[in-house]
Amino acid sequence: MKKGFLNTWDSLRRSKTGMIGLILVLVVILCALFAPVLAPYDPLAQDLMNKLKDPIWAARSSAGHILGTDQLGRDILSRLLYGSRVTLIVALAGTIVGGIVGVVMGCLAGYYGKWVDAIIMRLVDIQLCFPFTLLALFIAAVLGSSLGNVILIAGITSWVRYARLVRGEILSIKEMEYVEAIRATGGSDARIIFYHILPNIISPVIVIATLEMAKIVLMEASLSFLGYGVPINIPTWGRMLSEARDNILTNPWQCIFPGLCITLTVLGVNLLGDWLRDYLDPKLDV
Amino acid sequence: MGKYLLKRLGQSVIAIFGITVVVFVILHLTGNPVELMVSPTTPKEQMEILSEQMGFNDPLPEQYIRFLKGVLTGDFGTSYYYNEPALSVVLERAPATLSLACAALLICVLLGVPAGILSAVKRNKLSDAIIRVLALLGQCMPAFWLGIMLIILFAVKLHWLPTGGADEGLRSIILPAFTLGLFSAATICRLLRSNMIEVLGKEYIDVCRAKGLPARKIITKHALKNAMSSIITMLGMQFASLIGGSVITETVFGWPGVGRLVVQSITSSDFAVVECIVFLMAVVFVVINFVVDVLYCVINPRVRLQ
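Residue numbers (this note's numbering), protein chains in the order written: chain A, 1 to 286; chain B, 1001 to 1306.
Worth flagging that the hints you see were computed from the coordinates, not collected in a lab.
You may find that some hints are simply not true.
[Stated by the list, open to error] Pairs of lysine-lysine, DSS-like flavour, derived with a Cα cap of 25 Å:
| no. | chain 1 | residue 1 | chain 2 | residue 2 |
| --- | --- | --- | --- | --- |
| 1 | B | 1211 | B | 1122 |
| 2 | B | 1202 | B | 1221 |
| 3 | B | 1003 | A | 114 |
| 4 | A | 16 | B | 1125 |
Just so we're clear, the structure is a prediction, and the values are computed from it rather than from any experiment.
Only chain A is shown next, with the shape it has when bound in the complex (with noise of 0.2 Å):
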């Protein structure tokens, strides 16, 4: 990790698709943190007289609303530029949860190993058997819809990843000759973890973390496209999308952006793993 600001911003420069992610990222949290200076309308305001209109360049258009409108009037452009929030949050705050939980246990199983390690790592097996979405969705329901629950989902969903990397590596570590001389001159385990284990694991764990960020974006976007992400008063772009399913042959124009803007991000966000994959641990496997 000794390669300073500069080299990884030349690594960065020199990489066209990392560049690509990079600037699709930032343009989604400059969309999420600018979102009320950017929008032209209140994304919760309804104009029923101007309701399922196309956007500017398409027939049925109306002035004012630059990617049309939904069936309640809302204005699309305000709406996705919000939406761009809760997708940023969820993935933020959800790879941090799933981050720091998969990294504990991956530290508990892969230090302490025995039935600690036993125990963690069938955890880890059984949770892989079940699909991704279906283990989500069946939180969500038994839960409720709510930012922190989806939050939460995102956490329970992504740890074991983590947990599975940062075992394996923990268990090479271990055994190396600088790790017994600290437990020889007294350091604790806590000690030996956290100032000496864990700052060598520290690349991978980021580039898992970009990963399953991506997943996580796709996660929260399929629980509010089946209706059981956050509160439906908080505009998102997958429950934009299942609303914008119902009008499917007579506005089509209403479905394209919202996958849009989850494509591109998802995208961004993978690209930009990819490149950190490279730069940081080009032996990674994952």
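Since chain A is already given, all that's left is putting chain B on it; use the hints.
Below, chain B alone, put in the same frame as chain A:
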């Protein structure tokens, strides 16, 4: 090999046991599952009566043992929406989901394998670049959006295929199968490409070239065989994830399978059916993984010897 298989079998049994625990725990996450099954306005006394009748007032371990006994005898309770045993409601829809998953797997192989090979052989050429971009997009597009876009194009605009349902036989399975299979096809393509590139760089391939074998023969007979071995494991895993992915695809296309049933059952709070589907899908995953491991053992002698 016998010892290995026995160990895997033991692991699978433990996994299935663990699955029952997880399903049970999730269902009890909010305390009383009755709250999930009735409307929020139901009076307290009625809920109390229902809890008593359905046994949710008993101690949790007792409830779990009853649940486990039910699972072992195929009794997941009664679906109050269909007024039938939950298991038979689910099994009735299973063929539709299985045929969709098989069709999707077929599409995944037909698209993913040739694309992966072509991409590796034409490495860094134009066709490679195009395939890689398409594969990446295939992995980034949410299935529900892809499905809707396909409906708009092929059903609404061109009128070639039906918008949904399963009434038109082979014609109605094409769009859902493609929607479901594209993600897996992209995954297989990317994996096969990197495997092929690795194999094509090996010395024995140089030997084949040096002794003048035609390129086609080197690729199909010598390189592909080695590159495919991990693809077979991957295909098994993909099949399992296709069954899981059916939840979304079936909802988009109104396909009358288990995936759509689970969404409908959640909406109508029919948790006996939900429980049954979640359990069965996880078990199918365990079984498929076991079968794939056995197959891998049979195909690859190196594993057999270890």
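Does the alpha-carbon distance linking residue 1003 of chain B and residue 114 of chain A stay inside the 25 Å limit?
22 Å, holds
Need the status of pair residue 1211 of chain B, residue 1122 of chain B: alpha-carbon distance at most 25 Å?
Answer holds: residue 1211 of chain B to residue 1122 of chain B is near 22 Å, not above 25 Å.
Compare the distance between the alpha carbons of residue 1202 of chain B and residue 1221 of chain B with 25 Å, and conclude whether the hinted pair is satisfied.
14 Å, holds
For residue 16 of chain A and residue 1125 of chain B, compute the direct alpha-carbon distance and say whether it is at most 25 Å.
Status holds; Cα separation ~17 Å.
Hint compliance for this structure: every hint is met.
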